[in-house]
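**Student:** So the sequence shown is numbered by the numbering used here: it starts at 1228 and just counts up by one.
It is worth saying that the hints were derived from the structure and are not from the lab. Careful: at least some of the hints might be erroneous.
[As the list claims (entries may be wrong)] Computed Cβ-Cβ distance ranges for the label pairs, DEER-style:
1. Met1617 - Asn1541: 22 to 30 Å
2. Asn1479 - Gln1389: 20 to 28 Å
3. Trp1645 - Glu1420: 46 to 54 Å
4. Asn1479 - Ile1361: 20 to 28 Å
5. Asn1691 - Ala1749: 31 to 39 Å
6. Pro1732 - Asn1662: 43 to 51 Å
7. Ile1524 - Asn1730: 43 to 51 Å
8. Phe1340 - Asp1393: 24 to 32 Å
9. Met1534 - Asp1362: 46 to 54 Å
10. Pro1464 - Pro1732: 52 to 60 Å
11. Asn1351 - Asn1572: 42 to 50 Å
12. Gln1296 - Asn1479: 43 to 51 Å
[What the hints assert, rightly or not] Under the rule of at most 25 Å between Cα atoms (straight-line distance), these lysine-lysine pairs were calculated in the PhoX-like manner:
13. Lys1641 - Lys1682
14. Lys1750 - Lys1770
15. Lys1476 - Lys1498
16. Lys1610 - Lys1567
Each residue gets a CB set at the ideal place from its N, CA and C atoms; glycine is no exception.
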Amino acid sequence: MRWLKNLILTLVVLIIFIYLIIQTQWGAKQLSDILSKYTLYDVKIGVISHHLTTPGEIVLQDIAIHNKQNNFKLKVKQITFELQWQKIVTGSWLHRLIVTEGELTLPSSRQTFPLHSKILQLENMNVSYRIGNIDVSASNMTGGITPWQPTAHNPFGEGNFQFTTDQFEINNVHLTTLLVKGNYKTNFLFIDELSAYLNNGVINANAIQYTDQALTLAKLMLTNTGWQFSSSLSQLPHKLRDIKKLNIKELNLTDTHFEGKDWAIAGLSGKVNNIVVSAGNWNSSNSEISLNIDELIYKNQQISQLMADITFTNDILHFNRLAGYYDKGLFNIEANWHTKKQSINIINAQLAGIRYQLADDWFNFFQTPVPNWLTSLHITNFKLTNSLLMDINVNFPFELTNVNGYLTNMDLIKQKKWRLWQGKGGFTASSGTLNQITLRQPYIQILPNSDLSLKVELNTNIENGLVKLTTNIQQQANDGAFSLSANGINVDLAILNQWGWKNLPIQTLADFNFTLRGNLLAKPITQTLTGELFYQTLSGEKKAYSMIKGEITAQSDSQIPLTTANEEKS
């Protein structure tokens, strides 16, 4: 039996020798070389230490590990293994893995990790990770995961987690002093608590749940935060469609700021309750929104002191109040949007003191396609007071000052086309200009004749004379045909040079009438103009002109009697 004693003694001596030698720098290097040769990782270990007073702990120092593809990197000051020797045969011998002070880069591709533990603890770590189209980075992260059971798809595995970090960034959203607690399972993330600073503001959240591309926020508070988007305002709804379902139970905003490609919101405060959006569509049964915005900017338009009181019930979004200031003027709107029928009804809209300049291509807007999400737009009541309306189009500019008027029961969309269908409207102004001709006390009536045409009448004073213009515009698709008739009493005929009858060699007071026909969509429009002009001077002289394709010809001896505005009235 002496050989057995010698064998046991030799093994004990060998174990002690290995135990001592491996704790030297040479031993650590040899172990590093062995691990690099026989595993999928390149390993460098500076020092290995173990103390008999803490037999369950093995400490590695100055460690650098990366895989052959170089997309997993770990470089840290220290790694501590807390072992449970009694469970070594069960495979759950690693109780706690503590990684201290360093950098960790996790792979975006599938990667199998050879270790798992009951607890993974990180101390002052810088971590970067990319999964799918999500980039995550954190600096000075401290916290843990329990249990830590990494999979090929997820290096963190499933379990409860709690972390704090000085800096945290996810897809260019930068947070500081982040605290987050929650748990994760496959396709399921639940955050019990989250708090952080976002652009000098504070964000607090409770009970955030994300599963199968569905996000639920039980409570979210943003205070004095700023958020910058790379998307334009028109692109944001498409971003919402990327989320299968978004459920916000309570959202509180205090002095928040948002900015995008062509828009900005400053000083947003308010409360949002029970919002559910599925694939970009609003699906809440009962929602409430109350907002105040200091400043809203979209392209070159600006609204200030905006107040919104909105509710959503039975597929109808009720704008109970939408009020604010636009270019020193005041607006107050009540409206409904039926999301399923894709219809908007402006119940009551009041604008006062508005100064509005029409867009350069405002007329062409009526030829643009109606958005897919909108099938009808109805105005029940619209009132305009003490406002300024202008169009600076160089071809035919106009301006109306101190405008007062109304629209009632008017449809702006029918058969997926922008038009002025049915209803009526009337507007008065104290003064104005029509292609550089000064108007006094103009009165405009808008009267849709049928589904095919629109009638607009203008009555006005020009110096000591009276003028009435009546326009009929065809509203069929791609048809800009129009007819214009005008009657004038005691009017200087020089104004006709500005109203389609160019280069007429006449400048005298007279009564006149004329008709013009053409196509508003033609470029140039003058090539489509045809018409007749008759006038009679105060001395009784009568003359007539005709226009064909924009060319004016004088009739040498007209026998056609003149019908003046006075005679029409009689």
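**Student:** Against this structure, judge whether each hint is valid.
**Tutor:** Cross-check of the supplied hints:
1. At about 41 Å, the beta-carbon gap between Met1617 and Asn1541 misses the expected band of 22 to 30 Å.
2. Between Asn1479 and Gln1389 the Cβ separation comes to about 24 Å, which falls inside the hinted range of 20 to 28 Å.
3. One distance hint, 46 to 54 Å for the beta-carbon pair Trp1645 and Glu1420, holds here, with the actual separation near 50 Å.
4. Asn1479 and Ile1361 have their C-beta atoms about 26 Å apart, which keeps the hinted 20 to 28 Å range intact.
5. Between Asn1691 and Ala1749 the beta carbons are some 36 Å apart, a value that agrees with the proposed interval 31 to 39 Å.
6. At about 19 Å, the CB distance of Pro1732 to Asn1662 disagrees with the hint of 43 to 51 Å.
7. Taken as a hint, the range 43 to 51 Å holds for the pair Ile1524 and Asn1730, whose Cβ atoms sit roughly 45 Å apart.
8. In this structure the supplied range 24 to 32 Å holds for Phe1340 paired with Asp1393, their Cβ-Cβ distance being about 26 Å.
9. Take Met1534 and Asp1362: their Cβ atoms lie about 38 Å apart, and the range 46 to 54 Å is violated.
10. Between Pro1464 and Pro1732 the Cβ separation comes to about 58 Å, which falls inside the hinted range of 52 to 60 Å.
11. Separated by about 59 Å at the C-beta atoms, Asn1351 and Asn1572 break the suggested range of 42 to 50 Å.
12. For the pair Gln1296 and Asn1479, the beta carbons lie near 45 Å from each other, so the given range of 43 to 51 Å is met.
13. With a C-alpha separation of about 17 Å, the suggested pair Lys1641 and Lys1682 falls inside the 25 Å cut-off, and the hint holds.
14. For the hint pairing Lys1750 with Lys1770, the CA-to-CA distance comes to about 31 Å; that exceeds 25 Å, so the pair is violated.
15. Annotation: proposed proximity of Lys1476 to Lys1498 holds, straight-line Cα distance about 10 Å (limit 25 Å).
16. Taking the CA atoms of Lys1610 and Lys1567, the gap is near 28 Å; set against the 25 Å cutoff, the hint is violated.
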